[in-house]
Every structure is written in C-alpha cells, then in structure tokens.
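Student: Here is how the chains run, residue by residue.
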Amino acid sequence: MKSINKTKDLWNNDLTLKGLKDNFGPMCCWYWCLIYRIP
Amino acid sequence: MFPSNYNYSIRINSRYTLINNTLTGALDIIESDIWNLIAVKKINSISPNVLTRLRHRGYFYTDPKKEDKVLVELYNNYIKKASERPLRFVFCPSYQCNLRCIYCFETDLPSNPNKYMTVKILDDSLAAAEEIIKEKSGKIDSVELFGGEPLLLKNKPFVEKILKFAKKKDAPITIITNGVSAKEFIEILSPMRDKIEMLQITIDGPREIHDKRRKYPSGKGSFDQISKNIDLLLKNKIHTNVRINIDNTNIEYIPDLYEYISAKNWIQDPDFSIRLALVTDHTLLDYNNIVIPEEKLLEKLIRVYDEYPVLEELFGFYLFKPLRHILDILNGAPNVSPKFFNCESNLLELNVFCPDGYIYACGESIGKPDLAIGKFSPKVEFYPDKKTLWTERTILNIKKCRTCRFAPICGGGCAFSSILIYKDNCRPICERYQEVLDTFLKLRGEKILKKYMDKS
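Going line by line, the protein sequences match chains A and B. Heads up: the first sequence is residues 0 to 38, going by numbering that gives the first Met the number 0. Heads up: the second sequence is residues 0 to 455, going by numbering that gives the first Met the number 0.
If we strip away everything but chain A, and leave its shape as in the complex, we get (with noise of 0.2 Å):
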C-alpha cells in the first residue's frame, strides 16, 4: 500500500483544520463554468 499524502495532514489527525489554506476560491460556477440556458 502507498499512499500518496502523509497521514498527519489527513483532516481526521486535524480536527481543527488549521492545515488548511486560507484560500478556499474561486469555485462557483459562473467563473469557472459558462452556465448556459437552452434557447
């Protein structure tokens, strides 16, 4: 078995999540996607 990122940054061994980055964006749709209606 190999895994591919360290157990301690895992977030069940980082309850508090402070191994998070601060930066969570953009992720809506409407930059990343084109939200299209059908004509």
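Some hints here could point you the wrong way.
[What the hints assert, rightly or not] Facing chain A, from chain B, some residues (calculated, C-beta under 8 Å):
no., residue
1, G24
2, L26
3, I28
4, E30
5, R52
6, V69
7, E72
8, K80
9, I328
10, P333
11, P337
12, M452
Hint data in this document are derived by calculation from the structure and do not stem from the laboratory. Everything numeric in this text was worked out from a predicted model, so none of it was measured. All C-beta atoms in this analysis are idealised placements derived from N, C-alpha and C, irrespective of residue type, glycine included.
Place chain B on chain A using the hints.
Tutor: Only chain B this time, still in chain A's reference frame:
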C-alpha cells in the same frame, strides 16, 4: 471494523487499486488483492499493519458512530475559519450587454427596467462596501466587475470609479468581460495593471466556430475585434485570461484555436493565460446534444489530448470538478479543503451589487430580487431569511448528502438549481462524480501508477 461512508475506489489494473476517502482526504494505491478481500468482507485475512494504516487514514472505523462525529466537528471548525474569510465585492454596472451569445444565462437581464447603475446607485454601492468592510473589520479579497457586460462605453466613468475604489482598498481586481470594447478602456486599465489580477475574455474556438456562438445583435461575429483587443491588452501588459467554454459542439476545435493563439505568440506572453471551462445548465437536470454528460465530454477531451499532448499539458483536467481534489493532491498539496457546501454563495462570501439596488449572493441569481440577500440603496439592509436560504444548504442538512461518498468533494450541488428546479433550497443536485472519476482513472490511472509505483 466498519467501512467509512466516504470511500471511493477504482481498480486501475489487476495489481493496483486507487482508493480515496473524501472526508479525510486520504489518497492511496493499494494492492487489488487486498482491497478485494475487504470488498468480500474477509477483513481478517488482511495483515494487522495494513488494517491499522487504513483505519488511521479514515477508510475504516472501529466505532460506527465516530465518523459522523468527525464530520460534525470538521464542519464546525470549518465554519469558524470561514467567518474570518476576507470579503469579495462584485460590481455589476449594468445589466445590458453588447453581444447576444447563444447560450447566455442572462437573456432576461437586458429587459430589466434597471438597465444601468445611476450615479446614486453606484455611490450607494461604494458606501455600502465601506460600511460592510467596517462592520466585518475585514480585508477585501477582491473587487470584481461583472454584468451584463461591465466594459460598455456608457459604464466607463463608473468602471473608473470602481477601479479607484479597489486601488484605495488595495484589492486585487478581476474583470469578466466579452472583450469587444476593451480597447476603449485601455487608458483607465493601464495605470491599474499591477492591481488587475485577471481580465477574463471568452473565445470559444477558431473564428468560424466562435462567431456562431458569440455574436453582436446584428448577427456579426465578435472574434476579430476580440483578437485585436487582446493584442492591445497584452501590449499594455494587462494580465488577460482567455476562457474557452467547451461543450459537445466545439470541443473538437480546441486544437485549431491553439494553433491561432500560438501563431499570435500569446502563449509565450507572461501576461497571457488560458483555460477551459464547461458549459453547464443549472435550470435542468437533463442533457441534450450540446450539454452532454460530463464523463462523455471528458472522454472526448482525452481523445483530443491523446492526439495533441501539448494541450493536456496546457489545459489539464481541472475544469472537471469531480477531479480537482485528486489533481491537487497528485500535484503535491498535502490535503484539500473538504466541501461542506457547493460554493461561496453558501458562505455569503460574495456581495454582488447590481443596478436594481439589491445585494445578491450568487452571480447567477442577479436580477431576481426574491433571491437577493439585501439592499444597498438607499441604505444597507440585509434580509436574514434570504441569507438563510443560501447558508443553511450544507451536506449535513441535505439528507441524501450526509452519507454520500462524494459529498465532501461535491458540497451538495448548486443552491440556485435547487431553488429553481425544486422550489426548495435543500435538495441534492447531483453531478456525475462517480462517472467522471471512473472515466478519468480508467484512462489516466496507469500514468498515475507509473509516477508513484515506479519510485518505490
């Protein structure tokens, strides 16, 4: 031992299986024989060391109730961190647009009686932004220009004022524009070039393809004008991102557009970037000949990449949401954010100020006052019940999502879709996570294995 609710696995070949726990973020390659033993519940046949490792990485629990407690604790800590997040302001100086793109999701906006911000509305929006900043004691993360089309000539004095506000607040600027009138704004954009994080312009393919999709009201195509304007923007060192919106009808023309862009020497320009984006439809759950299931589009894209490997290197697969967590970890991120909700609208991170005087949480909901979270003109007032419409939608509150193995990487799907389709803000909007992951890993899994297993 009890398996996690959030395990995903795919057999890459007879020897190795890729496993991922979407709650803890664990990503592993395990011998297929071992994973098969787990699948047929022969856990006792597995070595204690491997079982311990799987448990420590969140694939199994000795107490079946523990995982839900982990989920809730992570969620509570996530919300605590989210309350410290910087602010984002989006200004829509008008609901009007000078193009009539065939797939526009804002076709109702030009007929909105509030076509342009007035001077008072603009001043009220800037005052509202100041008030919100003071109240939240926050740093501004970004100032964004959206619409309609923000770079219309009539908007110019307003755009200038908004850019000056952003500069005063030391906020990075993003502009989402069709680019056709960008030339007229060079004189006010150039002095701001260091603050402009991105000016995004869409080009949907080579001229003959783009011009069928993105045209003026007269029917004339916009490709040539946009191309000239990008030349000018780059000459003035304004960071310009080209977005190519792909669907079933234009995906095969990406190599032709790449050829055009290469001949223009844009690719080598340090102020130029380019990415693919998916055309999606949030008003329906069905597909059609344009918006096909995501995994089918992924298959087509991989065929293009197989023929043109330089495009895979340039564009990659990040446009596919179901793949982002795996791609980030494969690219070296120690872990990725768990998603308790779909997007920033659920955190009320965006304050979208519009010509009708309303504040919106989501760029797709603009122009629909019943979805607004507040008003900024004549003064700032927020509507608590409307805010709740966006914030209470989390994977803990959507029943089907709470134990869905993809929920921590999906977030429950689009809030706007749920409200529009079901008239309910807490219905799951399921995207094709299983299918997209399976397709990607079946076609690129061996490449991933080679990278990791050859090293050991």
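Student: Would you pick out the hints that fail for this structure and give their numbers low to high?
Tutor: Structure breaks no hint.
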